[in-house]
Amino acid sequence: MSIKNMTEEKNWSGQKLVSTDYMLFEAPREKHFMTGSEVLKEAVKRCTVDASVSYPITPQSEAAHLIGELWAEGYVGVYFRGENEFGVMSEVQGCSMAGARTITTTSGPGTLRAMENFPTWSGTRIPCQLVLMARGINSPLSIQPDNLEVSFLLETGCMIWYAENVQELFDMSIAAFTVAEQPDVHVPIITSVDGFFVSHTREAVMLPPDDIALRPYNPYAAPLPPIDSEMPPGRFLRDPFVMKSNYISYATHASWQWEVRSAVERSKPYARHYLNGLAHTTGDEDAEVAFVACGTAAHQAKEAQRELTKLGVKSKVVKLRTIRPFPHEELLEAVKDVKYIFVPEFNIVGWLEKEVSKSLYGKCDAKIVGRPRVAGGMSMPAEAILQEVFENTGLKKGA
Amino acid sequence: MASIAKRKRYNMRISGLGGQGVVTTAHILGSCMDNAGKYASLVPFFGSEKRMAPVEAYVRASSEPIYEVGEVVYPDIIMIYHSQVVTHGKSYTMPFYTGLKKDSLVIINTSVNVLEEEDIQVLTKLNAKVVQFDATELALKIAGTELATNMAMMGMVLGLTQLVTEDNIEKAVRERFLGTSFVTSGGTASLDSAIEKKFKKKEELLAKNMEVINKTFELADSIDLTSDDLVIDLAV
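Those protein sequence lines, which keep their order, are chains A and B.
For the first sequence, the residue numbers in the working numbering are 1 to 399.
For the second sequence, the residue numbers in the working numbering are 1001 to 1236.
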């Protein structure tokens, strides 16, 4: 495909420019059968992405590779491989500070290798997107589905969204750019999925046509000016204002951190609109048992919910779509009348259970049980969830 | 046995060795269900991918939406592509019938009986049905290559469960081998192109695969799943 000049109507690859609302809610959709990696390619294809930097690590390698194909096909402006994940995330920052709509992908240990960059991203208020295909962390080495690395990202000042399945990954990764790029938000976004369970699982997905794409990013609406001929790189990072040891530099640093976190909170109304709510509840309205989960743990919980219905137990599944910002109001509203809350998780530390407990502390009388927790690639069959329910409640089958 | 053909949802575990097309079958099975307007999701096992190493793939096929992901821990159907899965324990799931639900189905590609006395006891207790047939021999006979073994296995499971029509299958196989939009891992893609050269024409490849599948449908028709026998041996 030949690279064309961007016009008011079309981007450089000839796709018609449309609003995010049209892309997500109005454009006609057709059914496809795809893996998470393949669907991410389809999302990036429709986002007028300026730059992408990649580095191989299982299970995100295929997604990174497929974005490279998009570059070869003329849909992505710049694409290259970094030296390692630290290099990748630094280069993503460079691209993004220069005003490029930028995306990258990583997994597990790669995430931790790049760790310093994430708070630096949020501190520089860049609206880049990281698609995290979670796989757990060494040691011992694991390439299996496990989302322990998300716990390390919680306080980086980045937004964190969590997609449940292939369809949600598609829709979320498009909405992610739009929400992150709002001038009053303008912080990085980490779109997470469970590696393999979403990246490698093939399922039906509804996609809009591929001859439309999001309007380009406007870096001149950013809270920090992008690097250009008048704004040298490093101006913000190096300027003495924040590098001195005096009271105003301390105050600047403190207020800057508050501002980053406030910006994440300010994303809520936009996310509510583009994601159809920060949390999504299914099941019985008058439930006694609630499962609060994100990602594929919500999938497993829905399977358990269906089984509980057959056994005469009323339950609901509260799926959290955003982790940062945390949907406090939505969660409380969804669980205010339940007696038991279970938080099934694909990690050993129970980071979501801690988030849920902290959010509900003093506001809700339900007993919170952080189980089942599986890790290192173990499965979480619905049977295991049911067992926890019957062991930790007074509920009986057929009650 | 209770009819395997009447379940809303089938959880399938496919065990074989690297190179036998285990993951490919899972993808085609999923596409078949999708073509039939039903629901499917599939997951390959997340391990090392190499020739003759154990490979597992999992397919969930249903007439209602499927939420569960990941390995199938409690299968309704187990397909064994290579006798070494049973005899040498070349499997991630040991023994091979671990987690099998009651009244379920096992299909094994073998020319000889591979079940030990203990296996027979467990499977009898579960009221399972074991279909043994030499899928590799059938593939060699009809398609002229053992690479069509997976088609024979897939044909058998679809013939026995009647989840989809032959048209749904043909469309899925066509998408897999002739579709331009299909993306797979680099290794699998280059293998496919090697096969395609061997067959000269892609259409010919498709026709051979469909011939194998049609033959297994005929074989499946000859099976009486209501018989009291645990093991059904089929001559190919």
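Careful: at least some of the hints might be erroneous.
[Said to hold, decoys possible] In the DMTMM-like style, the derived pairs of lysine to aspartate or glutamate whose C-alpha atoms are separated by at most 20 Å in a straight line are:
no., chain 1, residue 1, chain 2, residue 2
1, B, K1006, A, E307
2, A, K314, A, D211
3, A, K367, A, E259
4, A, K354, A, E383
5, A, K31, A, D284
6, A, K31, B, D1228
7, A, K363, B, E1175
8, B, K1006, B, D1228
9, A, K31, B, E1170
10, A, K16, A, E73
11, B, K1101, A, E383
12, B, K1171, A, D211
13, B, K1102, A, D211
14, B, K1008, A, E307
15, B, K1102, A, E307
16, A, K31, B, E1175
17, A, K358, A, E330
18, B, K1101, A, E303
19, B, K1038, A, E73
20, B, K1038, A, E30
21, A, K310, B, E1175
22, B, K1008, A, E303
23, A, K310, A, D211
24, B, K1101, A, D284
25, A, K358, A, E383
26, B, K1008, A, E9
27, B, K1090, B, E1064
Hints were generated in silico from the structure; no laboratory data involved.
Okay, the hints, checked on the actual structure:
no., hint, result
1, B:K1006 <-> A:E307, "holds, 19 Å"
2, A:K314 <-> A:D211, "violated, 45 Å"
3, A:K367 <-> A:E259, "violated, 35 Å"
4, A:K354 <-> A:E383, "violated, 24 Å"
5, A:K31 <-> A:D284, "violated, 29 Å"
6, A:K31 <-> B:D1228, "violated, 43 Å"
7, A:K363 <-> B:E1175, "violated, 54 Å"
8, B:K1006 <-> B:D1228, "holds, 18 Å"
9, A:K31 <-> B:E1170, "holds, 19 Å"
10, A:K16 <-> A:E73, "holds, 16 Å"
11, B:K1101 <-> A:E383, "holds, 13 Å"
12, B:K1171 <-> A:D211, "violated, 26 Å"
13, B:K1102 <-> A:D211, "violated, 50 Å"
14, B:K1008 <-> A:E307, "holds, 14 Å"
15, B:K1102 <-> A:E307, "holds, 18 Å"
16, A:K31 <-> B:E1175, "holds, 14 Å"
17, A:K358 <-> A:E330, "holds, 14 Å"
18, B:K1101 <-> A:E303, "holds, 17 Å"
19, B:K1038 <-> A:E73, "violated, 33 Å"
20, B:K1038 <-> A:E30, "holds, 16 Å"
21, A:K310 <-> B:E1175, "violated, 38 Å"
22, B:K1008 <-> A:E303, "holds, 14 Å"
23, A:K310 <-> A:D211, "violated, 45 Å"
24, B:K1101 <-> A:D284, "violated, 29 Å"
25, A:K358 <-> A:E383, "violated, 28 Å"
26, B:K1008 <-> A:E9, "violated, 48 Å"
27, B:K1090 <-> B:E1064, "violated, 33 Å"
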